[in-house]
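Undergrad: Those protein sequence lines, which keep their order, are chains A and B. Each residue of the first sequence is one higher than the one before, counting from 784 in the working numbering. Each residue of the second sequence is one higher than the one before, counting from 3 in the working numbering.
Misleading hints may appear alongside valid ones.
Said to hold, decoys possible - Derived DSBU-like pairs (lysine-lysine); straight-line CA-CA distance at most 35 Å:
| hint | chain 1 | residue 1 | chain 2 | residue 2 |
| --- | --- | --- | --- | --- |
| 1 | A | Lys923 | B | Lys336 |
| 2 | B | Lys336 | B | Lys31 |
| 3 | A | Lys816 | A | Lys923 |
| 4 | A | Lys819 | B | Lys376 |
| 5 | A | Lys923 | B | Lys59 |
| 6 | B | Lys262 | B | Lys59 |
| 7 | A | Lys920 | B | Lys59 |
| 8 | B | Lys376 | A | Lys923 |
| 9 | A | Lys923 | B | Lys61 |
| 10 | A | Lys816 | B | Lys376 |
| 11 | B | Lys336 | B | Lys165 |
Stated by the list, open to error - One side of the interface only, derived from the structure: several residues of chain B facing chain A at Cβ under 7 Å:
| hint | residue |
| --- | --- |
| 12 | Ala10 |
| 13 | Asp14 |
| 14 | Gln28 |
| 15 | Ser35 |
| 16 | Gly37 |
| 17 | Ile38 |
| 18 | Gly39 |
| 19 | Phe43 |
| 20 | Trp47 |
| 21 | Ile273 |
| 22 | Asn302 |
| 23 | Phe303 |
| 24 | Ser306 |
Derived by calculation from the structure, the hints in this document are not laboratory data. Treat the numbers as computed from the prediction; the structure is a model and nothing was measured. Backbone N, C-alpha and C fix where the C-beta goes; we use that ideal spot for every residue, glycine too.
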Amino acid sequence: MDSLIRILRNNSAIPRADIARQLCLSEAEVTAKIAKLEADGTILGYQAVINREQWDTESVTAVIEVRVTPEREGGFDRIANRIAGFEEVESVYLMSGGYDLLVIVDGRSLREVASFVADKLSTIEAVQSCATRFRLKTYKENGMRHALEEAPERLSVTP
Amino acid sequence: MSSSRIAAHVRDIPRSGIRDFFEIVQSMKDVISLGIGEPDFVTPWHIREAAVYSLEKGKTGYTSNLGSPRLRRSISTYVAKHFSVEYNSHDEIIVTVGVSEAIDLALRALLNRGDEVLYHEPCYVSYAPTISLAGGVPIAVPTRAEDHFTLRAAALEKAVTPKARVLMLNFPTNPTGAVMPLDELERISAFAVKHDLVVLTDEIYSELNYDEVPHHSVAALPGMKDRTIFLHGFSKAFAMTGWRIGFACGPADIIEAMMKIHQYSILCAPIMGQEAAVEALEHGEPSVARMREEYRLRRNFIVSSLNDAGIPCHLPKGAFYVFPDIRGTGLTSKEFSFQLLEAKKVAVVPGTAFGPSGEGYVRCSYAAAMDQIKIACERISDFVRPLGKR
Numbered sequence: 784m785d786s787l788i789r790i791l792r793n794n795s796a797i798p799r800a801d802i803a804r805q806l807c808l809s810e811a812e813v814t815a816k817i818a819k820l821e822a823d824g825t826i827l828g829y830q831a832v833i834n835r836e837q838w839d840t841e842s843v844t845a846v847i848e849v850r851v852t853p854e855r856e857g858g859f860d861r862i863a864n865r866i867a868g869f870e871e872v873e874s875v876y877l878m879s880g881g882y883d884l885l886v887i888v889d890g891r892s893l894r895e896v897a898s899f900v901a902d903k904l905s906t907i908e909a910v911q912s913c914a915t916r917f918r919l920k921t922y923k924e925n926g927m928r929h930a931l932e933e934a935p936e937r938l939s940v941t942p
Numbered sequence: 003m004s005s006s007r008i009a010a011h012v013r014d015i016p017r018s019g020i021r022d023f024f025e026i027v028q029s030m031k032d033v034i035s036l037g038i039g040e041p042d043f044v045t046p047w048h049i050r051e052a053a054v055y056s057l058e059k060g061k062t063g064y065t066s067n068l069g070s071p072r073l074r075r076s077i078s079t080y081v082a083k084h085f086s087v088e089y090n091s092h093d094e095i096i097v098t099v100g101v102s103e104a105i106d107l108a109l110r111a112l113l114n115r116g117d118e119v120l121y122h123e124p125c126y127v128s129y130a131p132t133i134s135l136a137g138g139v140p141i142a143v144p145t146r147a148e149d150h151f152t153l154r155a156a157a158l159e160k161a162v163t164p165k166a167r168v169l170m171l172n173f174p175t176n177p178t179g180a181v182m183p184l185d186e187l188e189r190i191s192a193f194a195v196k197h198d199l200v201v202l203t204d205e206i207y208s209e210l211n212y213d214e215v216p217h218h219s220v221a222a223l224p225g226m227k228d229r230t231i232f233l234h235g236f237s238k239a240f241a242m243t244g245w246r247i248g249f250a251c252g253p254a255d256i257i258e259a260m261m262k263i264h265q266y267s268i269l270c271a272p273i274m275g276q277e278a279a280v281e282a283l284e285h286g287e288p289s290v291a292r293m294r295e296e297y298r299l300r301r302n303f304i305v306s307s308l309n310d311a312g313i314p315c316h317l318p319k320g321a322f323y324v325f326p327d328i329r330g331t332g333l334t335s336k337e338f339s340f341q342l343l344e345a346k347k348v349a350v351v352p353g354t355a356f357g358p359s360g361e362g363y364v365r366c367s368y369a370a371a372m373d374q375i376k377i378a379c380e381r382i383s384d385f386v387r388p389l390g391k392r
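Pulled out of the complex, with its shape left as it was, chain A reads as follows:
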């Protein structure tokens, strides 16, 4: 199962028949294993990793450090889920250290993100403070380099 997940994490678009060959399984076995991982919630979905320098250059991404007051029943989970519910929010993580939640927000413009923070995020009762930082450039995301390195030349036949 580990090998299968590693393959899919690296490239989920790879044909099932190719995965089958790599794992010495039949295509039907691979399909069944993947269906099981999807059904039990191990695999949540499949996405493309997009180079934002080439597509949608106007949009902005904010990384927001949020301090919250945990609730008596529910701790951080309820408030984190409440924040995660907004469709502007791309990711939410509970963090150790100086703040509690790390929230990543995608917006079409600076203004849109600012208004999300001012009107929606910071007005939630449990939220004590927000420190908002904007992403300027991406070099590596989900294990993928954004500027493609040219492959170094190799000799075409060597012993």
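Let chain A serve as the given structure and place chain B on it in line with the hints.
TA: Same frame as chain A, now just chain B:
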């Protein structure tokens, strides 16, 4: 220019079988090459970064002839951990310019003119010429597909004579990917003891072992350490071919003799590579594990694809080569490789480049990106289909 300017023992060495082929491939465009005997991975970044740092610190001088003390200590620890043999970093380890130099040094240190060296074939291209250049007589012992290209002690017994001094082993093997089961390795070590042979074991591919059974070094078998020279390096598992760093571990008297030759011909291995090698040994194992896993998946892929194409190919347990049987096409190894290159622009190496016993086989390296392997296999399948089965 007269050819007599060249010393007879050099002139008599045949031209490398790979070389002609290389020149043709090099002159063609858009070839997918499964002919490359080096990792397609670049050296892991943490290793490159350590080398850059050492340059920044100004580490640009000679090292001790034997190699930097720190690297030798790291080698000693690594070999003890992974191969269960302990070598003293002070006088039982020498750092060389790749394993190739270590083989040359060992043979030159051991052989008197006319001494015989047993080695298994198909094998790495340098073995027979290096033996000849050191004044020895190469004695090839063929391995067979039906044994998955493992070496049989019985085959060695047939080939040995009183003149034999050295036995060379290379498991996992380039070009067959064969590994040695422990019981047969024990029979071979008993054979070496019986005939009082020094064993030269080139274990450059040892980390690239996909078997459930761990790699065993002949040096770790009872009574073998004192008659074994253990050779290893960084090129394959750590993807460091161009750094040219290898090493030999062995009895102090042999290492001393090898050092005598090394100090006059090479002086020392380049310090930059030695610095990188320390980083590789001390922190490189996760990178090796990642690359090994990728090779394992590619191996499964290429073996299954070739078998489906009608080219029988056993599942090798080590290195990054498969050695499929192309006899069903009715072509020789050379014809197969040249015609495949011409017709489909896929380069594989004729088995005969690795000795006459490689006839009927070709070597395909899976040290190539998965998508390239996939296209190459499709083209090979297209190529063999009209040839039919004999």
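Undergrad: Please go over all the hints and tell whether each is borne out by the structure.
TA: Status of the hints after comparison with the structure:
Between the alpha carbons of Lys923 of chain A and Lys336 of chain B the distance comes to roughly 45 Å, so the proposed pair goes past 35 Å and is violated. Only pairs whose Cα atoms come within 35 Å are accepted, and Lys336 of chain B paired with Lys31 of chain B is accepted, the gap being roughly 20 Å. Proximity of Lys816 of chain A to Lys923 of chain A is assessed by CA-CA distance (about 30 Å); at most 35 Å being required, the pair is judged to hold. Between Lys819 of chain A and Lys376 of chain B the alpha-carbon distance is near 27 Å, which keeps this suggested pair within the 35 Å criterion.
In summary, the hint linking Lys923 of chain A to Lys59 of chain B is supported, as the alpha carbons are separated by about 29 Å, within the 35 Å threshold. This hinted pair checks out: Lys262 of chain B and Lys59 of chain B have alpha carbons roughly 30 Å apart, not beyond 35 Å. Taking the CA atoms of Lys920 of chain A and Lys59 of chain B, the gap is about 31 Å. The hint holds against a cut of 35 Å. Taken as a hint, the Lys376 of chain B and Lys923 of chain A pair is honoured in the structure, with Cα atoms around 27 Å apart against an allowance of 35 Å.
Straight-line distance between C-alpha atoms of Lys923 of chain A and Lys61 of chain B comes to about 31 Å, which keeps the hinted pair within the 35 Å bound. Restraint check: the Cα-Cα separation between Lys816 of chain A and Lys376 of chain B comes to about 23 Å, which is no more than 35 Å; the hinted pair holds. About 34 Å separates the Cα atoms of Lys336 of chain B and Lys165 of chain B, which keeps this hinted pair within 35 Å; it holds. Among the interface hints, the one on Ala10 of chain B is violated; its C-beta lies about 25 Å from the nearest C-beta in chain A, farther than the 7 Å criterion.
With its C-beta approaching chain A no nearer than about 20 Å, Asp14 of chain B sits outside the 7 Å limit, and its interface hint is violated. For Gln28 of chain B, the suggested interface contact is upheld, since its CB lies about 6 Å from the closest CB of chain A, less than 7 Å. Here the hint on Ser35 of chain B is kept, as its CB sits about 5 Å from the closest CB of chain A, short of 7 Å. Nearest Cβ of chain A to the Cβ of Gly37 of chain B: about 4 Å, under the 7 Å cut. The hint holds.
The restraint placing Ile38 of chain B at the interface with chain A holds, with a minimum CB-CB distance near 5 Å, inside the 7 Å limit. At about 5 Å, the closest approach between the beta carbon of Gly39 of chain B and any beta carbon in chain A falls short of 7 Å, and the interface hint on this residue holds. The criterion of a C-beta within 7 Å of any C-beta in chain A is not met by Phe43 of chain B, whose closest approach is roughly 11 Å, and the hint is violated. With 7 Å as the threshold, the beta carbon of Trp47 of chain B stays out of range of chain A, its nearest partner Cβ sitting at about 11 Å, so the hint is violated.
With a least beta-carbon distance of about 22 Å to chain A, the hint placing Ile273 of chain B at the interface is violated under the 7 Å criterion. Among the interface hints, the one on Asn302 of chain B holds; its C-beta lies about 5 Å from the nearest C-beta in chain A, closer than the 7 Å criterion. At its closest, the beta carbon of Phe303 of chain B sits 4 Å from a beta carbon of chain A; the interface hint therefore holds under the 7 Å criterion. Using the Cβ-Cβ criterion of 7 Å, the hint placing Ser306 of chain B at the interface with chain A is satisfied: the shortest such distance is roughly 4 Å.
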